[in-house]
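Chemist: Here's the letter readout for the chains.
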Amino acid sequence: MRHFKSSASHCQPGASHRPADVGLPVIALVGRPNVGKSTLFGFASGTYAETVNAPGTTVGAEPRLVRVGDSRAYLVDLPGTLSLDDRPTGDEPFWRQLLEIHPDAILVVGDASDLRRHLPIALACRDLGLPVVFAANLSDEAEARGIEVDTGRLSQLLVMPVHLTTGLTGRGVVAALRDAVALALKHRAFLAGAAPRGTAPARVYGPAAELQIEKLTRSMASAHSLGAAALDLSGQGLGILVDDRAVSARGAATLQLGEALEAVRWRIADEWAQQVERRREVPLRLADRVGIWSTSPWPGLPIFAGVSAIVFGLMMWIGGTMSVALTGAWNATASPVLTTAIHAAVPQPVIAAGLLWGLDGGILALLSVGIPYILTFYVLLAALEDSGYLTSAAVLTDRLFNTMGLSGRVAIPLLAASGCNVPAIYGTRVLPTRRERVLGAFLVTMTPCSARSAGVGAAVAPFAGPLAALGAFGLIAAITFASGLAANAIVPGRQPALVLELAPIRRPIAHLVVRKAWRRFSDFVRTAAPIMIVGSCALGLLYESGWIWGATAVLDPVVKGWLGLPSVAGLALVFAFLRKELALQLLVALAVIQLGAGAASLGSIMSPAQLFVYAIVTSVSIPCVATLSALRGEFGWRTTLAICASTLGIALAAGGLLARLLGVV
Amino acid sequence: MRVSNSELATRVSNAAGGNAVETLVSAPSGVALRVSAVEAGSAASLLSEGIGPGVEVSVERKLALGGPVIVRLGGARLALARSIAATVQVEGVDNAHGPAPG
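Chains as they are written, first to last, in the numbering used here: chain S, 1 to 665; chain Y, 1 to 102.
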């Protein structure tokens, strides 16, 4: 986005002293969420941006060079928006994002089977004084629903080219783009003074509203002559945009009137949609029937349980298989080579061993957890998103999560969290407000990931029995739920009431799913891999140099005094911050160092009750370093530290109480 | 049991004692309804989803335990929290006497 802004400023035609032929025309893609904009964008540009069959997931603007015949243009996919005033990314209104890229034309993408709800934004774009082309997208679905659109009539009404498109197959896309590029070039010529402005659309808002627009337009235009500095009528920078000629004075006036015009636009859209749509009765499509089923308690709840079980099962099965294969391959091939090389290159054994922790151990962790589980989950999540099922699941579980101040959309990130917290943190982006996202991320960090679950199982089941292990998981779930309730009560603000469009059920397209999953996965590897490797290195040096033992004195009052655990368990808890999956192995390794070979079994270090306490505290306390970096990236340090401090506090409080209940202390 | 639309419309306007205002929460499911008014607080967010005075909608389902109300309008389906659905006043649409479509 930032990169594009600078390139856009080179090619933007706004300033009149700049020759109009510098750079290429910019065409913005605008439309409501979930209308197949990104898929259309992908077809047009030959690459696939993130597409999600759930509202609001295209983040940031991404320009792509497209070629239509002899002309070239930049195509920019903007996040789906409900109106120009809407704030799809939470911060600034959409119109600002749109005008900041200085589009020369707008391609509005609407749903051919639901024109009523997609024409208002086309009307709003038309008001901006920029050329607009309307793509009635998803035309294949519209036909399957028995809906025919009279594009000729619609084009007359809108005073803009209208095309029936199907982004997936590319039907109509090139024709729509060709029109958009041609109009964009004409608009540039107009800005350069080389051509007259295109036909202005009829004034449709009625005498009262038009008078208001006219008045505001005049004040905008006269302010324009005073220079940009004096322009900021509304404090929104509209004047400057008019001065830049990113928007016409009338356009700025309609933006300033904002919501007042929306009601009129919707009325007009309703009227026009009725004029251009022909509906014939067709039997309900299977996909639409599945959509209805999936939001009914029956068979919706069994479907939800089944989908959850399949996602979890596939993640564990495919992830587990891949994990074993990759770990084996690494240990058989790269690991010995790396070990020899590092020992040869670094003469100091302590530093060499520390480096090996980082490179050998860190990469192995990535291969055994990161790639298998996270990649698998991303593929499953992408398939679920594109199938449209996520919104159904959100509606079905909404009531449950309401109690914790969350909407049902958090169900899927939480499911992800039981595999790995890191993708789940990014998954909280599906939540509409920052408050919900923070509360959701808090629950995510409390949810035991697969590594932590394995740790809890291995620490408790062999020594206290499988029932105790089950009890431990139940206790963690109860602690998480109670913490969710408390967090909702403590964090200021309240949850906005649900208004959610249910995405239609669609068959996910394999190559789109894989592309999206891969894109997100490579993002994850780029952010998490360095932290995992550096963290492992640091830990390795602490361990190999023996400095780690210095920490026992600091930790003992809490670990021994409050939790009733041996001090070596405190060290393992610290290590768990870096590598949750190693917490148990490290505990044994440290115990052997401290207590001798007799401590090689967990049972000889701690009593079953102590192991139970240890398992709860490890699982609930601080998230691992990769989760921490994901949290920091999404919410900043303050929130991250607040979440970590809360989980640590809750873990210690619960552990201490438990230790007293179980008679450990 | 199948009931004609006009019969249902009468039922809607008669339900809860004649003149009482129906909302998307109190109106029966599966009946064609017309939005008569939306409370100011939620008007903007509902309008941006297409729910405003004069629009024809129907309630598909009300989820149990105070869960969301699923509303159909045109081809779209919207889930509305009860608190939001309660701000949308509706009246029955009587096809026999209403204006002819188109």
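Just so you know, not all the hints are guaranteed correct.
[Claimed, not checked] Take a look, some chain Y residues computed to stay more than 12 Å from chain S by CB distance:
{"no.": "1", "residue": "E22"}
{"no.": "2", "residue": "A79"}
{"no.": "3", "residue": "S83"}
[Claimed, not checked] The following label-pair restraints were derived from C-beta to C-beta distances:
{"no.": "4", "chain 1": "Y", "residue 1": "P28", "chain 2": "S", "residue 2": "S522", "range": "47 to 55 Å"}
{"no.": "5", "chain 1": "S", "residue 1": "V324", "chain 2": "Y", "residue 2": "S29", "range": "50 to 58 Å"}
{"no.": "6", "chain 1": "S", "residue 1": "R429", "chain 2": "Y", "residue 2": "E39", "range": "52 to 60 Å"}
{"no.": "7", "chain 1": "Y", "residue 1": "G41", "chain 2": "S", "residue 2": "S522", "range": "22 to 30 Å"}
{"no.": "8", "chain 1": "S", "residue 1": "Q585", "chain 2": "Y", "residue 2": "S29", "range": "54 to 62 Å"}
{"no.": "9", "chain 1": "S", "residue 1": "S222", "chain 2": "Y", "residue 2": "V21", "range": "27 to 35 Å"}
{"no.": "10", "chain 1": "S", "residue 1": "R171", "chain 2": "Y", "residue 2": "V21", "range": "40 to 48 Å"}
{"no.": "11", "chain 1": "S", "residue 1": "R153", "chain 2": "Y", "residue 2": "G41", "range": "34 to 42 Å"}
{"no.": "12", "chain 1": "Y", "residue 1": "S29", "chain 2": "S", "residue 2": "G69", "range": "49 to 57 Å"}
{"no.": "13", "chain 1": "S", "residue 1": "W317", "chain 2": "Y", "residue 2": "E39", "range": "44 to 52 Å"}
{"no.": "14", "chain 1": "S", "residue 1": "G663", "chain 2": "Y", "residue 2": "G41", "range": "50 to 58 Å"}
[To be verified] If you want the ones that stay clear, here's a sample from chain S, every Cβ over 10 Å from chain Y, calculated:
{"no.": "15", "residue": "G193"}
{"no.": "16", "residue": "G206"}
{"no.": "17", "residue": "S219"}
{"no.": "18", "residue": "E259"}
{"no.": "19", "residue": "P297"}
{"no.": "20", "residue": "I303"}
{"no.": "21", "residue": "W317"}
{"no.": "22", "residue": "G358"}
{"no.": "23", "residue": "L500"}
{"no.": "24", "residue": "E501"}
{"no.": "25", "residue": "R660"}
The hints are simulated quantities; they were obtained by calculation from the structure and are not laboratory data.
Treat the numbers as computed from the prediction; the structure is a model and nothing was measured.
A virtual CB, placed ideally from N, CA and C, is assigned to each residue, including glycine.
Chemist: If a hint holds in the structure, say so; if it does not, say that too.
Modeler: Each hint tested on the structure:
1. E22: E22 of chain Y clear of chain S: closest Cβ-Cβ about 20 Å, beyond 12 Å.
2. A79: violated, 4 Å
3. S83: S83 of chain Y is in fact no farther than 12 Å from some Cβ atom of chain S, at 5 Å.
4. Y:P28 / S:S522: 47 to 55 Å: holds, 51 Å
5. S:V324 / Y:S29: 50 to 58 Å: holds, 51 Å
6. S:R429 / Y:E39: 52 to 60 Å: For R429 of chain S and E39 of chain Y the Cβ distance comes to about 31 Å; the hint is violated.
7. Y:G41 / S:S522: 22 to 30 Å: violated, 44 Å
8. S:Q585 / Y:S29: 54 to 62 Å: Between Q585 of chain S and S29 of chain Y, where Cβ atoms are some 57 Å apart, the hint holds.
9. S:S222 / Y:V21: 27 to 35 Å: Violated, since S222 of chain S and V21 of chain Y (Cβ atoms, about 48 Å apart) do not stay within the stated range.
10. S:R171 / Y:V21: 40 to 48 Å: Holds, at about 47 Å.
11. S:R153 / Y:G41: 34 to 42 Å: This hint holds: roughly 37 Å between Cβ atoms.
12. Y:S29 / S:G69: 49 to 57 Å: Because 52 Å falls inside the window, the suggested range holds.
13. S:W317 / Y:E39: 44 to 52 Å: Holds, at about 50 Å.
14. S:G663 / Y:G41: 50 to 58 Å: holds, 55 Å
15. G193: Non-interface label on G193 of chain S holds, nearest chain Y Cβ at 38 Å vs cutoff 10 Å.
16. G206: holds, 15 Å
17. S219: holds, 25 Å
18. E259: The assertion about E259 of chain S is violated, with a minimum of 6 Å to chain Y.
19. P297: violated, 6 Å
20. I303: holds, 14 Å
21. W317: Given a closest Cβ separation of 32 Å, the condition holds.
22. G358: The assertion about G358 of chain S holds, with a minimum of 48 Å to chain Y.
23. L500: violated, 5 Å
24. E501: violated, 6 Å
25. R660: holds, 37 Å
Hints 2, 3, 6, 7, 9, 18, 19, 23, 24 from the earlier list are contradicted by this structure; the remaining hints agree with it.
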